[in-house]
Amino acid sequence: MKKLTFNGLIGGILIGVLLVTALLSLVWTPFDPMKLSFTARLAAPGAEHLLGTDEFGRDVLSRLMVGARAAIWIGALTVAFATVCGTIIGLISGYARGWIDGVIMAINNALMAFPGILLALGLLAVFGANQYGIIFALGIAYTPSMARVVRGAVLSLREREFIEASKVMGNSELFTMLRHILPNCLAPITVLATSMFGWAILSESALSFLGLGVPPPAPTWGNMLAAGRPFFEQAVWLGLFPGLCIALTLLGINLLGDALRDKLDPRMRGLK
Amino acid sequence: MSGAEVHTNTLLSVRGLSLAVAGSGRQVVKDVSFDIAPGEIFGIVGESGSGKTLTTRSLIRLLPQAITVTSGLVQYKGRDALGMTHRELRDLRGAEIGVVFQEPMTSLNPSMTIGRQLEEGLILHTKLQPEERRHRILDMLKRVGIRDPEGALTAYPHEFSGGMRQRIMLASVMLLKPALLIADEPTTALDAVIQRDVMELMVELTQAEGTAVLLISHDLPMVARYTSRIVVMEKGSIVEAGRTEDLLDAPQHSYTKKLLQSLPLRGEVRVLDTAKAPMVSAKDIVVDYPGRKSFLKKAQAKRALHGVSIDIHEGEVVALVGGSGSGKTTLGRTIAGLVKESSGNIQFQGRSRDADWRDYRLNCQMVFQDPYSSLDPRMTILALVEEALRLVPDLDRAAKRQRAREVLEEVGLGGDFADRYPHELSGGQRQRVAIARAIARRPRFLIADEPVSALDVTVRAQVLDLFSDLQKRYGFSCLFISHDLGVVEQVADRVVVMQDGRIIEQGDRDTIFDNPQEAYTRRLLSAIPALAINEQGGVKLKWRLEA
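For the protein sequence lines, the chains are A and B, in the order given.
Take the first sequence: its letter number 207 is residue 207 in the UniProt record's numbering, and every next letter is one higher.
Take the second sequence: its letter number 122 is residue 122 in the UniProt record's numbering, and every next letter is one higher.
Do not take every clue at face value.
As the list claims (entries may be wrong) - Cross-link-like lysine-lysine pairs, in silico, DSSO-like; alpha carbons within 27 angstroms at most:
#	chain 1	residue 1	chain 2	residue 2
1	B	127	B	142
2	B	235	B	258
3	B	257	B	235
4	B	283	A	167
5	B	302	B	340
6	A	167	B	400
7	B	235	B	30
8	B	127	B	276
9	B	30	B	283
10	B	302	A	167
11	A	167	B	257
12	B	472	B	258
Claimed, not checked - Where chain B lies over chain A, by a calculated footprint (3+ residues, C-beta under 8 angstroms):
#	stretch
13	157-166
14	194-203
To be clear, the hints were calculated from the coordinates, so they are not data collected in a lab.
We put the CB at the ideal spot given by N, CA and C, even for glycine.
Modelling step: build the complete structure from the supplied sequences, incorporating the hints.
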């Protein structure tokens with residue numbers, strides 16, 4: 001195992017902390033994230049409430065921990081959806097070429113012409129604002145980029161001689177695709193999936209902030225920001241901590257993604 | 001070329017040059033010394049990894065960042081070239097020392113017209129007026145054999161073939177009348193006939209201008225043909241240096257001998273039973289490639305093969321030769337079923353090939369040219385060979401694995417090679433894997449498309465020997481596609497010459513090599529030497545005349 005770079009290490013630690021926190025929230029949080037307390041409304045960070053409380057007296061730390069779980073869950077399912085759909089579409093499009101490729105890419109390009117968040121907004125309006133609506137909407141919004149990347153990789157791979165060698169051996173098209181083309185696409189897929197995870201968390205926060213995401217009172221980082229917005233002047237921690245969570249998570253994902261790309265790209269192997 | 005004259009003055013002098021990888025300190029060039037006299041053609045011969053390219057790059061300080069000069073002296077016209085400032089270096093490069101690189105496809109800027117690229121050097125290094133520059137450029141383009149020099153000025157590199165681009169590259173370098181031309185594998189990417197034309201042109205131009213040439217190549221006969229003195233490099237060191245004739249005639253170092261012995265020699269004449277019906281028979285094959293569609297214009301098909309017929313008998317090795325664009329690769333791929341023929345029919349063992357496709361697939365295998373691209377980088381060597389057996393009936397899993405291991409053993413990759421990945425192997429070893437994969441099924445017919453042209457000389461000899469051994473052992477028929485007639489002379493029983501999508505001449509090997517009828521065949525043959533080995537382990541190179 002090669003040593004990770006310093007950046008990769010920082011990214012790994014950030015994401016590691018996020019994952020541990022999310023897992024921990026399943027069994028333990030300092031307070032019940034839903035419990036209202038009118039005696040402790042807008043309490044500043046202190047010994048009892050480490051990160052303070054919100055306008056209903058709910059513990060911010062506990063809510064952030066549960067919010068982390070939501071972020072990861074939504075991010076992971078969105079990426080899984082986009083990766084599976086995008087990879088299948090990209091493989092078919094790149095391998096078949098001809099009119100099939102033409103039709104698929106025309107639809108793909110049309111979808112890509114919309115900003116992801118706008119597309120997701122439209123889809124959410126149709127499917128309703130809840131956790132699975134978000135996953136579905138963001139998944140569809142991200143599928144075209146994945147399809148594009150996979151198609152590009154397939155187009156260059158299918159001209160390689162080992163694909164021809166596979167044909168000469170008499171292997172079927174499906175076998176060639178799954179045995180030789182797909183494994184060689186894994187590096188770009190992994191790299192894109194990693195950064196998609198970041199986009200998904202950011203978009204989910206944005207949608208929740210706009211009130212189109214997971215409905216309150218269930219905590220997500222986005223709806224915590226939205227709910228806290230009127231109180232920022234008295235309680236800066238309501239904006240600061242969810243914002244920091246989003247920023248640090250994205251930073252971690254980007255650093256880790258870069259390190260992963262360097263590791264997976266064979267051209268980077270052997271370079272110091 | 002005789003290099004009998006003794007040079008008293010030197011143009012370039014290299015003394016004790018050593019290069020190392022920065023950080024690790026691994027030496028890549030060790031204590032290299034040589035002198036080049038004005039107007040002399042000097043050769044450096046070595047295989048990949050010998051340090052020949054790094055040595056010459058250090059002369060004009062174009063080394064990769066990771067490589068540093070650890071010791072040594074380079075003097076150009078008495079000045080210390082290693083200690084020059086960037087300003088001095090810029091005056092030196094181009095104006096005094098010109099460079100022609102190996103890859104004509106990438107050494108010209110694709111987004112600039114030929115005229116602008118040629119003008120660049122003149123603007124930098126001369127004080128000529130625009131009209132004079134234009135005149136000089138046109139004159140030079142004419143001299144390097146560009147048919148329409150005026151038109152070439154406004155054309156882009158992609159409009160020219162590889163050979164033409166290398167001529168243009170040569171023109172751009174020679175425009176400045178440098179005192180030294182460094183040519184690093186200038187013709188390796190070109191086919192044999194064009195290779196010779198470009199070399200002749202380079203020699204003619206440089207001799208006319210009095211330019212010295214430092215010619216670097218792995219191709220010993222080619223270097224020997226044009227140079228007066230040669231150094232041979234191996235693993236970063238010079239192992240032998242001397243006058244070209246002496247070095248060929250009586251090589252001293254074992255590596256030089258090995259290089260000379262690796263040159264292909266004519267194989268024995270084999271008696272084959274050709275009375276029987278041929279194993280593979282292709283009749284009147286026509287292949288059209290769809291042309292490029294453009295807006296409001298119907299695609300014009302490009303005909304790659306104009307009704308070609310070829311028979312291959314049992315156990316026979318038929319060589320298909322020709323320059324690039326002759327259609328030889330297309331014919332091979334059509335017979336293999338990778339390209340669909342527009343018309344014609346292909347028979348295998350007396351039946352239509354398409355009647356029993358499964359049987360044909362089991363019995364017809366292919367070895368590709370580029371061992372770096374023909375193996376799936378994510379599979380182990382054993383898995384690659386086993387995959388070839390996947391569709392073979394009557395073999396269970398264990399038997400398949402056993403067979404794969406045996407075949408790897410046969411190609412000299414036994415032991416722990418099985419678990420390695422392609423990127424851990426050298427080019428020659430990879431091509432062995434490709435051969436193992438092709439013969440694992442015990443095919444009756446093998447198509448080999450330039451199987452050794454990407455390999456170094458000594459490795460090429462080993463792979464050819466392996467190929468011949470296997471062919472004798474298993475007796476498969478083979479269609480051997482190559483532009484290198486030296487290799488063909490060694491392995492083929494029969495030779496088929498192609499030009500522009502047609503077969504122009506065919507016959508058994510000795511007839512074609514000793515008594516070629518067509519002018520094009522003679523041109524192909526004039527690019528390779530006839531070898532005679534002497535008792536000192538040296539060779540005598542005889543070049544066939546084109547006329």
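Return the numbers of the hints above that this structure violates; sort them in rising order. 8, 9, 11 and 14
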